[in-house]
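Enquirer: Chain A is already provided as a structure; the job is to place chain B on it using the hints.
There are 2 protein chains.
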Amino acid sequence: MTETMKRIALARRPVGAPSNEDFRLEEAPIPTPGDGEVLVRVHYMSLDPYMRGRMDDAKSYATPVPLGGTMEGGAVGEVIASNDPGFQPGDFAFGMFGWATHGVQPAKMIRKLEPSHGPITAALGVLGMPGFTGWYGLTQFGQPKAGETVVVAAATGPVGSMVGQIAKARGCHVVGVAGGADKCAMARETFGFDICLNHHDYADAAAMRAALAEACPKGVDIYFENVAGKVLEGVMPLMNVGGRIPVCGMISWYNAGALGANAGGEKDNLPKLWRTILVNRLHVHGFIISDHWADYPRFLAEVGPMVAAGQVKFVEDIAEGLENAPQAFMGLLVGRNKGKQIVKVI
Amino acid sequence: MTETMKRIALARRPVGAPSNEDFRLEEAPIPTPGDGEVLVRVHYMSLDPYMRGRMDDAKSYATPVPLGGTMEGGAVGEVIASNDPGFQPGDFAFGMFGWATHGVQPAKMIRKLEPSHGPITAALGVLGMPGFTGWYGLTQFGQPKAGETVVVAAATGPVGSMVGQIAKARGCHVVGVAGGADKCAMARETFGFDICLNHHDYADAAAMRAALAEACPKGVDIYFENVAGKVLEGVMPLMNVGGRIPVCGMISWYNAGALGANAGGEKDNLPKLWRTILVNRLHVHGFIISDHWADYPRFLAEVGPMVAAGQVKFVEDIAEGLENAPQAFMGLLVGRNKGKQIVKVI
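Going down the list, the sequences are from chains A and B. So the first sequence is residues 1 to 346, counted in our numbering. So the second sequence is residues 1 to 346, counted in our numbering.
Pulled out of the complex, with its shape left as it was, chain A reads as follows (with noise of 0.2 Å):
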């Protein structure tokens, strides 16, 4: 008897919103390693805003995920059979094995996890892509100085996280904001934010401009962009002169189809966005962070012992069961999770 993976495929490109309709759980043989491949038993997997992207079949900068395909994501787990000498049964890895109970890649394309750096979540958030996210766009794009001004949504997130106690770290004035009290709360009390503001006590992009003015009486010098949408028309006329925006995502709008047809905003918004860029002289740089792995090994030397002494907390939001992915992963779209967003597989 031949054994059985199960895998989560896209059965529908969403348009808005996924819902149920869109994946498909289904078996599978479990697939056999070739040459210099290794299997991995899945343990936990990551769930990421990108991934809305890989639904749609709009030019992005990924291939998108085929109809019928495996729904891409990174994921950890414990090597079972390996055909290149660096891996052992046995051992814990990371790589991009897509929502599924077990997976196969080429050896060159997976990371074997060190026990110093915590528990195998780890490499799924504080440690791993969404973490060097904020990590990287902070510091290179956003080149934070004491006594400046940072703001960042989707706070509590594991990028927002990250990006507030850097920026803390480096003697900022650090707002952030989130959707609920109880976010709110946390970004505060477990990430030490300064300000966080509730998104949801803020009708339209004027209601969070004038909370946001309040919060930064010195203006903006840092928006680390993630959410777009109200926060940023919120923010821009609050930029200061040779203010910063790294931007690395915008989920507000994800959901709104691929050129954010729908999105809605402000009368003649980008006009006002443009204009802001040129008077305040500010400096945009969009990042896609898998083009910057190659600084992925000064990330970790420098936050992986910020982790493993407190100094930088990370806070999981761990579903039960493949299965329940899908639903996992509609919640993270509209901010239910509370951390960073998993899926306990085994």
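Derived by calculation from the structure, the hints in this document are not laboratory data. You can trust all of the hints, since none of them are fake.
Copies of the same chain look alike in the list, so a pair counts if it fits in one copy or across any two.
Under the rule of at most 27 Å between Cα atoms (straight-line distance), these lysine-lysine pairs were calculated in the BS3-like manner:
(1) Lys59 <-> Lys218
(2) Lys112 <-> Lys344
(3) Lys313 <-> Lys338
(4) Lys168 <-> Lys218
(5) Lys112 <-> Lys313
In this text, all values refer to a predicted model and were calculated from it rather than measured experimentally.
Expert: Frame of chain A, contents of chain B only:
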């Protein structure tokens, strides 16, 4: 009998496009220079798009012209009285003398003109603020490399023509946009653009985009932004990964009001632009050239000899008489000038 001068005052703040009633020609006594000050008889004054912003009282990077105040601007003329040892009557100097026949400035705020730098009008255009703007933005923020594609609008203006010529000198494929077949011919024949598109031929951003796509078969690496509007919306989807956008102006929106109200444009153009910045990892840099005068000697050292040798060309459009400055300025804002707009005052 006191000698009098003429000046043009801001009579009213325009709503939308300026009209004659927004300006007032006045006589006033010729001012007397104080300690360390210099009195200049203006020969030529500059007209530049940024002056439209000074007519509004919206917060910007510079103080608005007060109602009743002299319209601001750079000018060149002859020193007729000096209380500073650095200037003698008969010297020619550049300074912010405004729209006026005479002006007094502190000696440290004006610059003596070197005869080796060509005609004195060059200090207003090709070797003045506009030329420096094009050179600085292109080289500092655009970072052109041989073989890359550069797009710039207002291609026959003093900024655009500098961008195009420096980009050509560095081995780029250079595509201009200008308003009229005659200007496009000038861009190609005088300034050496590879291609120039007449934006009157394209009704909207989609048509502009199709033409730009054909003119830029390898995509666009640098979009030098000085006009915004449909050129911006047309070029954004064509930007290559890692592209750069220096932003020094947005003339097509200036008459639309300080916040670009009623600027129109495509539906949901802000989400589209923001998504392109992310997906294509663009670097957008707003800049105001007055922040960068420390680099002006470097510009003069590089471009001065190129102008003297005829490698960098310039075209001037000279209106006669201070009283015609408002009309020439209104024409500039809608692109009626061909080349650098100057007013001969004496």
